[in-house]
Structures are given as C-alpha cells and as structure tokens.
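S.K.: Each chain, letter by letter, is given below.
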Amino acid sequence: MSTAVTTDPMLPQPYTVQEVVKETPDTFTLSLEPSNTINGDRFQPGQFSMLWAFGVGELPISISGDPGQGDRLLYTVRSVGQATHALVSQKVGESVGVRGPFGTGWPLEQARGRDVIVVAGGIGLAPLRPVIYQVLHNRKMYRRLVILYGARSPRDLLYRKELAAWAHQPDTQRLVTVDYGGLSWRGHVGVVTTLFKYARLQPARSVAMVCGPEIMMRFVTRELEAQGLSRGNIYASMERNMKCAVGFCGHCQYGPHFICRDGPVFPYEQIRPLLEKYEL
Amino acid sequence: METLERIIAEHRFFAGLESYYTDLLVGCASNVRFEAGAYIFKEGGEANEFYLIRSGRVALEISAPQRKPIIVETLSEGDILGWSWLLPPYHWKFHAHAVEGTRALALNGQCLRTKCEQNHDLGYELLKRFAQIIDRRLEATRFQLLDVYAAR
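Heads up: the sequence lines are chains A and B, in that order.
Counting from 1, one number per residue, gives the positions in the first sequence under my numbering.
Counting from 1, one number per residue, gives the positions in the second sequence under my numbering.
Treat the hints as calculated values from the structure; they're not laboratory data.
Any given hint could turn out to be false.
Stated by the list, open to error - Computed beta-carbon distance windows for the label pairs:
1. A:Asn241 to B:Arg136: 31 to 39 Å
2. B:Arg136 to A:Arg186: 21 to 29 Å
3. B:Glu77 to A:Arg160: 55 to 63 Å
4. B:His120 to A:Gly255: 47 to 55 Å
5. A:Lys243 to B:Ile133: 42 to 50 Å
6. A:Val80 to B:Asp23: 54 to 62 Å
7. A:Ser184 to B:Gly45: 22 to 30 Å
8. A:Tyr278 to B:Asp23: 33 to 41 Å
9. B:Arg12 to A:Pro170: 24 to 32 Å
10. A:Gly247 to B:Gly44: 36 to 44 Å
11. A:Val80 to B:Pro65: 49 to 57 Å
12. B:Arg142 to A:Pro170: 32 to 40 Å
13. A:Gln110 to B:Trp83: 38 to 46 Å
Predicted model, so just to flag it, every value in this text is computed and none were measured.
Cβ atoms here follow ideal geometry from the backbone N, Cα and C, with glycine treated the same way.
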C-alpha cells in the first residue's frame with residue numbers, strides 16, 4: 001500500500017502556501033503547491049507528509065485533500081504547539097518544506113464493491129477526507145458510504161460546508177455528533193459510538209476506516225465488532241511521534257511496528273492486542 | 001393505521017418479546033406528541049412514564065447555578081427516553097426537551113410497575129432490556145468524560 005518517494009526522503013522540498021483556511025478556532029487547512037516542478041507526488045488517501053516550518057521544526061501531518069487534485073496538497077493542522085502554530089501562521093506565498101508522502105494508505109482497493117464506513121473523531125476526519133472524495137468521485141466502484149463523525153463541540157466541527165453537502169450525496173448516510181452541545185445546537189449530542197444505532201449498516205459487506213484519538217478508536221472498533229464487522233474489515237490510522245518517517249530512527253515504534261513505515265493505516269487485526277496495552 | 005400493539009412489537013427495544021407481554025404493555029401505552037421547544041419532563045418531577053421515541057429529537061439537559069444549561073445527550077427515533085420510573089423515588093434526574101416536534105409512545109410507569117409486580121416474568125424481561133440501555137449509556141458517559149478531543 002505504500003508509495004515510493006521519488007526524491008531523497010530526508011530532503012524537504014520547497015512548497016508554496018497557496019491558501020490558509022480557518023476551519024475552527026484552532027485548526028487550519030494549508031493548501032501547498034510545489035515551488036519547483038520536480039515533485040508532482042501523487043498520494044494515497046491515508047498517507048502523511050513531514051511538514052517543515054523553517055527555523056521551528058518538522059511535523060508529520062496527514063494529507064487531507066482530494067487525491068485527484070493534481071499537485072496541490074492540503075494539510076489540516078491543529079495549532080497545539082510551537083511548530084504547529086508556526087505552520088498555521090504561514091502567509092500565502094511563504095515557503096514550507098515537505099517530505100513525503102509516506103506510509104500506508106486506506107484499503108480502497110479492498111473496499112471496491114463494498115459499503116465504506118468512515119468513522120472519524122475530531123481532527124481524525126482530516127486523513128479520512130481523501131477517502132470520502134475518492135468514494136464520491138468513483139461512486140460506481142463502491143456501494144453505500146456511511147460517514148460517522150464526532151467532535152468535541154459544534155465549534156470544533158471541521159469542513160462544515162462539505163459535511164452539509166455530503167449528507168445529500170446519493171447512497172450516502174452522514175451522521176454528526178458532538179460530545180457537548182449548547183442550547184443553540186440542533187444536532188445530535190453524544191459520543192461518536194452513539195451514532196451507530198442510527199446508522200444503516202450491512203456489516204457483512206462493509207469495510208470500516210477509523211481515525212481519531214486512540215481511546216476513541218478503542219471504543220469504535222469494539223462497537224464495529226459488536227455491529228458484526230469482522231476484524232479483517234476494520235482499519236485504523238495510528239499516530240506516534242514520527243521523526244524520520246522512513247523507519248530508521250525508531251521514534252514511532254509501536255510494539256513490533258514503526259508507524260511511519262508500517263502504518264499509519266493498520267489492519268485492526270494487526271494492532272488490536274496493542275490497543276489495550278498500558279503505556280504503549 | 002399503526003396500532004399500539006404493532007408499534008410496540010416492531011420497536012427495537014421490544015425485539016423478541018412474546019406477544020403475551022406486548023398485550024400487557026399496550027394497556028399502559030398511549031400516543032403523545034410534543035411541539036419543538038416543549039419540555040417533556042423536568043428534573044425533580046415525578047417520573048411516571050417512559051417514552052419510545054417515534055420521530056423527532058429530544059435533548060437531555062442539565063443545569064447548574066450561574067451556568068447555561070448544557071445538553072448531555074440527545075435521543076432520536078427508536079430511542080428510549082427515561083428509566084427513572086423504574087427506581088424509587090421515581091423522580092427525573094434531567095430536563096428533557098423536544099428539540100424538534102417529537103412523536104412518542106408513552107408507557108405509564110405506575111401501570112407498568114403494578115404489572116411487573118404481578119408478573120415477574122414481564123418485570124424480568126423489562127429489566128433486562130433497560131439494563132442494556134443503562135449499560136450502553138454508562139459506557140458512553142465514561143467515554144464522554146474522557147474528553148478525548150481536548151488539546152493535551
């Protein structure tokens with residue numbers, strides 16, 4: 001599932017910031033294009049890049065854009081530290097270093113001819129958005145698309161316009177919930193697993209893709225199994241402190257795996273014993 | 001036209017319940033409707049029924065002094081609203097208000113408690129079903145308490 005990197009994987013390529021879109025009070029989507037013409041890297045939904053805010057630091061960020069959108073790469077970044085703050089503070093025309101794309105993608109080949117269940121929590125919707133684009137652009141290749149998305153509060157919901165539009169796509173069920181809702185919120189309130197009772201699932205013909213905080217994925221994968229999905233049809237995207245992104249440095253070791261090289265997308269069967277291990 | 005028997009028999013909460021018990025429940029059931037914004041019950045009020053929501057959306061709210069009320073959970077079509085009718089002192093623990101126009105089947109708690117005392121098999125069937133709901137909501141509440149999307 002991984003894509004070979006055509007240039008030196010340790011050498012950041014210069015990309016130019018084309019646009020910065022504020023998604024929520026602390027989360028922004030950067031649109032980047034290669035400054036030189038040597039790149040043109042295609043990515044698989046689920047892969048990540050290492051983004052370098054020059055002079056500050058480098059971070060692994062999932063690609064959140066449309067895989068069919070040519071050279072333009074989108075990254076949704078939550079500003080929670082120095083390097084992420086530097087990235088989201090970039091101005092149009094400024095330069096960011098990009099290495100990658102790296103890692104494994106979502107199992108879109110395996111999902112052909114099946115229902116695709118996307119379960120996202122918080123910023124976990126970002127690496128799954130390319131899956132949604134892929135399914136919607138190739139509607140005949142897949143059966144139903146079920147999108148279950150949970151966020152902390154209404155103001156933390158990502159991609160609001162698209163969320164609204166996805167609800168009206170053919171053969172698509174889109175359910176959104178927030179953990180805490182004010183009185184002005186008219187939508188669903190409850191954790192993301194509470195959406196399953198409203199989802200019209202056909203477990204025997206479905207592939208599920210899950211991304212969010214690790215605890216959330218534990219609850220969700222348990223629920224998917226309870227709904228009747230086999231472990232072999234559940235995939236999850238993991239996150240650790242990635243540094244080299246090519247399996248050399250060991251910073252992102254997760255049991256016997258390096259998340260940068262063997263993941264970030266893993267078959268649930270492979271990581272299930274690790275998900276419930278303390279301090280891993 | 002849908003009969004109360006059919007609504008109860010087809011509801012997922014009563015899946016697999018023998019028709020003999022469904023017949024007992026019908027005697028305690030009635031159709032109700034709430035306008036958007038209406039309070040279905042308020043914290044501290046007597047809990048004399050539970051509801052099978054047929055359509056609409058209901059918010060469970062909790063309020064604290066000097067804070068705006070917050071919605072802790074919403075319930076929609078197919079959900080069960082209320083289990084305080086089961087346990088003394090039979091008082092509601094939350095406010096429930098209809099976020100949208102809501103149709104439901106109300107089951108009278110006093111009527112049900114009497115039937116359950118007379119027929120422990122019915123009581124056991126109901127308790128098993130409510131225990132599942134309580135278990136799922138407890139798990140969801142624990143998950144919610146983790147506040148997993150907060151910045152760390």
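S.K.: Against this structure, judge whether each hint is valid.
M.R.: So, going through the hints one by one against the coordinates:
1. Taking the beta carbon of each, Asn241 of chain A and Arg136 of chain B are about 35 Å apart, inside 31 to 39 Å as hinted.
2. The hinted window of 21 to 29 Å between Arg136 of chain B and Arg186 of chain A holds, with their beta carbons roughly 24 Å apart.
3. Separation of Glu77 of chain B from Arg160 of chain A is about 24 Å and departs from the stated range, judged on CB atoms against 55 to 63 Å.
4. Between His120 of chain B and Gly255 of chain A the beta carbon distance is about 50 Å. The supplied range of 47 to 55 Å therefore holds.
5. For Lys243 of chain A and Ile133 of chain B, the Cβ-Cβ distance of about 46 Å falls inside the hinted range of 42 to 50 Å, so the restraint holds.
6. Under the hint 54 to 62 Å, the C-beta atoms of Val80 of chain A and Asp23 of chain B, about 58 Å apart, fit the expected range.
7. Take Ser184 of chain A and Gly45 of chain B: their Cβ atoms lie about 25 Å apart, and the range 22 to 30 Å holds.
8. One distance hint, 33 to 41 Å for the beta-carbon pair Tyr278 of chain A and Asp23 of chain B, is violated here, with the actual separation near 51 Å.
9. Checked against the hint of 24 to 32 Å, the C-beta distance between Arg12 of chain B and Pro170 of chain A comes to roughly 27 Å, which is consistent with it.
10. As the Cβ distance of Gly247 of chain A to Gly44 of chain B is approximately 60 Å, the hint placing it in 36 to 44 Å is violated.
11. Checked against the hint of 49 to 57 Å, the C-beta distance between Val80 of chain A and Pro65 of chain B comes to roughly 33 Å, which is inconsistent with it.
12. Separated by about 37 Å at the C-beta atoms, Arg142 of chain B and Pro170 of chain A satisfy the suggested range of 32 to 40 Å.
13. Gln110 of chain A and Trp83 of chain B have their C-beta atoms about 42 Å apart, which keeps the hinted 38 to 46 Å range intact.
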